[in-house]
Amino acid sequence: MNKELEHSFVELLEKHQNIVHKVCRLYTNNYDAHNDLFQEITIQLWRAYPKFRGDAKFSTWMYRVGLNTAITLYRKSKRRINTSEFDAVQFKIKAEEYDDTEEQQLKLLYKAVHQLNDIEKALVFLYLEDKNYKEISETMGISEVNARVKMNRVKTKLKTILNP
Amino acid sequence: MDELDLLKKHWQSDGIEDKHLTSKDIYPMLLKKSSSIVKTLFYISVAELIFWILINTLPAFFSDGYNERMAELYGSHISVTVFTILSYVVIVLFIYLLFKSYKNISVTDNAKKLMENILKTRKVIKYYVIYNLIMAFLSMVIGFYYAFQNDPKIKTIFEDPNNTKSIITYIVIVAFTGLFVLIIWLFYKLLYGILLKRLNRNYKELKKLEV
Numbered sequence: 001m002n003k004e005l006e007h008s009f010v011e012l013l014e015k016h017q018n019i020v021h022k023v024c025r026l027y028t029n030n031y032d033a034h035n036d037l038f039q040e041i042t043i044q045l046w047r048a049y050p051k052f053r054g055d056a057k058f059s060t061w062m063y064r065v066g067l068n069t070a071i072t073l074y075r076k077s078k079r080r081i082n083t084s085e086f087d088a089v090q091f092k093i094k095a096e097e098y099d100d101t102e103e104q105q106l107k108l109l110y111k112a113v114h115q116l117n118d119i120e121k122a123l124v125f126l127y128l129e130d131k132n133y134k135e136i137s138e139t140m141g142i143s144e145v146n147a148r149v150k151m152n153r154v155k156t157k158l159k160t161i162l163n164p
Numbered sequence: 001m002d003e004l005d006l007l008k009k010h011w012q013s014d015g016i017e018d019k020h021l022t023s024k025d026i027y028p029m030l031l032k033k034s035s036s037i038v039k040t041l042f043y044i045s046v047a048e049l050i051f052w053i054l055i056n057t058l059p060a061f062f063s064d065g066y067n068e069r070m071a072e073l074y075g076s077h078i079s080v081t082v083f084t085i086l087s088y089v090v091i092v093l094f095i096y097l098l099f100k101s102y103k104n105i106s107v108t109d110n111a112k113k114l115m116e117n118i119l120k121t122r123k124v125i126k127y128y129v130i131y132n133l134i135m136a137f138l139s140m141v142i143g144f145y146y147a148f149q150n151d152p153k154i155k156t157i158f159e160d161p162n163n164t165k166s167i168i169t170y171i172v173i174v175a176f177t178g179l180f181v182l183i184i185w186l187f188y189k190l191l192y193g194i195l196l197k198r199l200n201r202n203y204k205e206l207k208k209l210e211v
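So the sequence lines, in the order shown, correspond to chains A and B.
Oh and the first sequence: position 109 is 109 in this note's numbering, straight run, nothing missing.
Oh and the second sequence: position 123 is 123 in this note's numbering, straight run, nothing missing.
Take these hints with a grain of salt, some might be off.
[Stated by the list, open to error] On the chain A side, residues computed to face chain B include the following (Cβ under 8 Å):
#1 Q39
#2 N117
#3 Y133
I should point out that these hints are in silico values taken from the structure, not numbers from a laboratory.
From the three backbone atoms N, C-alpha and C, an ideal C-beta is built for every residue, glycine too.
Please model the entire structure based on the sequences and the hints provided.
Now the structure itself:
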């Protein structure tokens, strides 16, 4: 692979790295696992990059590769701990931006999202990233109607987790 | 406000500053090796191809006694030649199918398609294993049949109605071969079961959405 390609890739990844970090944040629960998954997604993105045509937005393309790696390709590292041992420190909520109640609510929400299964997390991730149902259905390979139905179910599930 | 909308508000304003990487951090990452399940699946399939090819060909290459014995037992029977050619055709066919299914696996496909393509590859490997296990079992049964037909020593033993011990030995050998084949099969089931547990679970979840 030539240097120019490598340079353009690194530049784009540096700029859009938040997408990958956010995928890692949803699918892992500690520092090492986060870095492991980030590493694997980077490799997958880099391998697929020569075929990236530029007709799609780099960020849109990243969502697909990132989620596919997290849901399907990634083999959990041995260091990874159980999801129930979720570390709230991972989610630093800026206290000055929220009042106490909202901060507490957010922490509980992050914990609840972590209890969802891989597919549900993917839907929540795309929803949080403000993707419309067409994009969600195209990324996941399901129909738009099913994406909508499932998303509503996920919302109900989250409500149940939060208010048992 | 909906719970998810509250989360969305925070999510989008979250810059994850504490994890920010520079290009200097990213460059070395490109040189690291992947540890994806596709890579593991690839290594397992190559190991399986080599393993079964060696099992089938090693005795013929390294043991003169084996070759002589085979010639003595089977002679230049046409079915043996056909069988040998067929087994090589099957190996080439499996290599082609594996290569083709690996080429189809693309991380840029949608989630469902990617999972389907990985599962298709796993199926090709499964059929190769089943083929080899059936062949291993059949070769043993046919081998005994030919031995019974052509080997004068075995023929005398089996023709003796009082020699029940040898018949029991024969049954025990067949039973053990069956057990051996079963154990290998269970080993593969366990191996792929562990490797693809998460993928299977997620694929089922996606398929469930279609019902």
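Quick check on A/Q39 please, does its C-beta sit within 8 Å of some C-beta on chain B? holds (6 Å)
Grab the minimum C-beta distance from A/N117 to chain B and call the hint holds if it beats 8 Å, violated otherwise. holds (6 Å)
Does A/Y133 pass the interface hint, meaning its C-beta sits closer than 8 Å to a C-beta of chain B? violated (13 Å)
Hint 3 from the list above is the single one not met by this structure.
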